[in-house]
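Student: Sequence:
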Amino acid sequence: MEDDMLPRITDVPSKKRHEFLMRKLRLCSVVFDLSVLVAYRRSNKSLTEFKQSGGPYEELTKTMVRAGDKNDTLEELMDYVPTLESLPEDAVSEVKNMVRANIFRAFPSPTAHVPEKEKETDNKLYGPGDKRPLVEGAWVHLLYVYEFLQRIVDAGLLRDDHIEESFVENLFNITMNADDSREACFVANLLPSFWENFPQKRPMIWTTVRRNLSRFVSSRHRHIPSAVTDLLRFASERIRELPLPLKDGHKLFIQQILIPLHKTHAYPDYSLTLNVSMLDFLNKDCELANMMFEGILSGDPIPPTSELCLLDELKSLMNSARLEKITKSNAQLLFKRIAKGLTGSDVDVAKIALDILSWDRFIEFAKLHKNVSLPVIIPALQNAGKHCIGDESVQVLAAEVRNRFYNVERYADRQVEGTSSDNKRRRI
1 MEDDMLPRIT DVPSKKRHEF LMRKLRLCSV VFDLSVLVAY RRSNKSLTEF KQSGGPYEEL
61 TKTMVRAGDK NDTLEELMDY VPTLESLPED AVSEVKNMVR ANIFRAFPSP TAHVPEKEKE
121 TDNKLYGPGD KRPLVEGAWV HLLYVYEFLQ RIVDAGLLRD DHIEESFVEN LFNITMNADD
181 SREACFVANL LPSFWENFPQ KRPMIWTTVR RNLSRFVSSR HRHIPSAVTD LLRFASERIR
241 ELPLPLKDGH KLFIQQILIP LHKTHAYPDY SLTLNVSMLD FLNKDCELAN MMFEGILSGD
301 PIPPTSELCL LDELKSLMNS ARLEKITKSN AQLLFKRIAK GLTGSDVDVA KIALDILSWD
361 RFIEFAKLHK NVSLPVIIPA LQNAGKHCIG DESVQVLAAE VRNRFYNVER YADRQVEGTS
421 SDNKRRRI
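Residues in the sequence shown are numbered from 1 upward in steps of one, following our numbering.
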């Protein structure tokens, strides 16, 4: 870079500051090869050791100087933003060009820049589905570029008509494609800023978020656990702002996005945030409960780790739902899912199933649907813990809960007897 020949923007006369701003934005738009810097960082060697090992020392030092100069310029641009009252159109264009050049890039493959010996070590430390953070060359500058963009947006220096759909889509696609969770976090921080500052673009932003979540649901998308979480957290904030009555499109979001997200192998990674989104909708409209329970409880079996999260979520949904409105068919699905957890081999799943069964609110719910609850739950309680090898605590807890459900059974019998007596008296 030639930044060492340029004075700081604030050090030149006011009439020349726009010219120097443009020049520095163009300088920061230059993207150069940082692979030697990546190799050096992965080597964990000092500069002297790197030179002695035969590494490209001269190329490395030149790259370090260029990278340092670019970062200094980016920092200067960040500090200059608060002094701006507006941005001329040509400066807006240069800002977007600089952001595009640095952020919208081809992402490295999972083994990029990794020497063979390190790949062997990584294979032992990381499973085939795990993601390891890469030392990507672009990371030298990305922090500064994202922070600059954040400040530009928050300062209100960009208008709705400055932001094209492709710019928003490419930016937010990064949440699902970036290798490093830090970058997904940067984009997540930008989402609310874009929403607040570009109100005309809100439908487009929501569509982009929805599209990204949909792509994740419909494909075996490699992902960072925090990426889906960040998008769901943003969605929850928007759900709370929705006016009533909810539109059909919002209900489709539940059916096509939120419910299918319960069926992925990554569900435990984002289950807590997904639960919040479901609750936000349910608190808006309690009539959604049946659609939610039917969608979540139907479908293919899920692994024990997901079952644990699912039972937790079901309890929270039941706590917010009007249980008297739950249909008989959905109640039956719910009882069967809890019974399945009781009779499985996973101790933690069995214990949370027992926790739900001992919950006073659930027992009252079981009374409402005694004809379908008791035939499912009592046999499950009798068999609870038999497959939990080496842990008898489940059987002990199940015996305590079973006594409570025997009371429910006796309550049901008394109701039947009372009904029979009333019928006899009427006949007499």
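Errors might be hidden in some of the hints.
Straight line, CA to CA, 35 angstroms or less: simulated DSBU-like cross-link-like pairs of lysine-lysine [unchecked claim]:
id: 1; residue 1: K51; residue 2: K96
id: 2; residue 1: K16; residue 2: K51
id: 3; residue 1: K367; residue 2: K340
id: 4; residue 1: K263; residue 2: K284
id: 5; residue 1: K325; residue 2: K315
id: 6; residue 1: K16; residue 2: K201
id: 7; residue 1: K51; residue 2: K15
id: 8; residue 1: K367; residue 2: K263
id: 9; residue 1: K251; residue 2: K367
id: 10; residue 1: K328; residue 2: K370
id: 11; residue 1: K325; residue 2: K263
id: 12; residue 1: K247; residue 2: K263
id: 13; residue 1: K96; residue 2: K263
id: 14; residue 1: K263; residue 2: K336
id: 15; residue 1: K251; residue 2: K336
id: 16; residue 1: K367; residue 2: K336
id: 17; residue 1: K16; residue 2: K45
id: 18; residue 1: K45; residue 2: K62
id: 19; residue 1: K201; residue 2: K284
id: 20; residue 1: K45; residue 2: K15
id: 21; residue 1: K367; residue 2: K325
id: 22; residue 1: K251; residue 2: K370
id: 23; residue 1: K325; residue 2: K336
id: 24; residue 1: K284; residue 2: K386
id: 25; residue 1: K328; residue 2: K263
id: 26; residue 1: K386; residue 2: K263
FYI, nobody ran anything at the bench for these hints, they're computed from the structure.
As the structure is a computational prediction, the values presented were derived from the model and not from experiment.
Student: Holds or violated: K263 and K284, Cα atoms, limit 35 angstroms.
Tutor: 24 angstroms, holds
Student: For the pair supplied as a hint, K367 and K340, confirm whether the alpha-carbon distance does not exceed 35 angstroms.
Tutor: 20 angstroms, holds
Student: Under the criterion that the straight-line Cα-Cα distance not exceed 35 angstroms, is the pair K251, K336 satisfied?
Tutor: Roughly 26 angstroms separates the two Cα atoms, so the pair holds.
Student: Does the alpha-carbon distance linking K284 and K386 stay inside the 35 angstroms limit?
Tutor: Distance ~42 angstroms between K284 and K386 Cα, so the pair is violated.
Student: When you check the alpha-carbon spacing of K325 and K336, does it fall within 35 angstroms?
Tutor: 19 angstroms, holds
Student: Is K201 close enough to K284, meaning Cα to Cα at most 35 angstroms?
Tutor: OK: K201 and K284 at ~24 angstroms, within 35 angstroms.
Student: With a cut-off of 35 angstroms on the C-alpha distance, tell me whether K45 and K15 pass.
Tutor: 48 angstroms, violated
Student: Within a Cα-Cα threshold of 35 angstroms, do K367 and K325 meet the stated pairing?
Tutor: Distance ~14 angstroms between K367 and K325 Cα, so the pair holds.
Student: Under the criterion that the straight-line Cα-Cα distance not exceed 35 angstroms, is the pair K247, K263 satisfied?
Tutor: 25 angstroms, holds
Student: Just to be careful, I want the Cα atoms of K325 and K315 compared with a cutoff of 35 angstroms; is the pair within it?
Tutor: Holds - the C-alpha atoms of K315 and K325 are around 16 angstroms apart, at most 35 angstroms.
Student: Can the restraint linking K96 and K263 be considered satisfied, given a maximum Cα separation of 35 angstroms?
Tutor: Answer violated: K96 to K263 is near 38 angstroms, above 35 angstroms.
Student: CA of K251 to CA of K370, is that 35 angstroms or under?
Tutor: The given pair, whose Cα atoms are some 31 angstroms apart, holds under the 35 angstroms limit.
The structure shown violates the earlier hints numbered 1, 2, 7, 13, 17, 20, 24.
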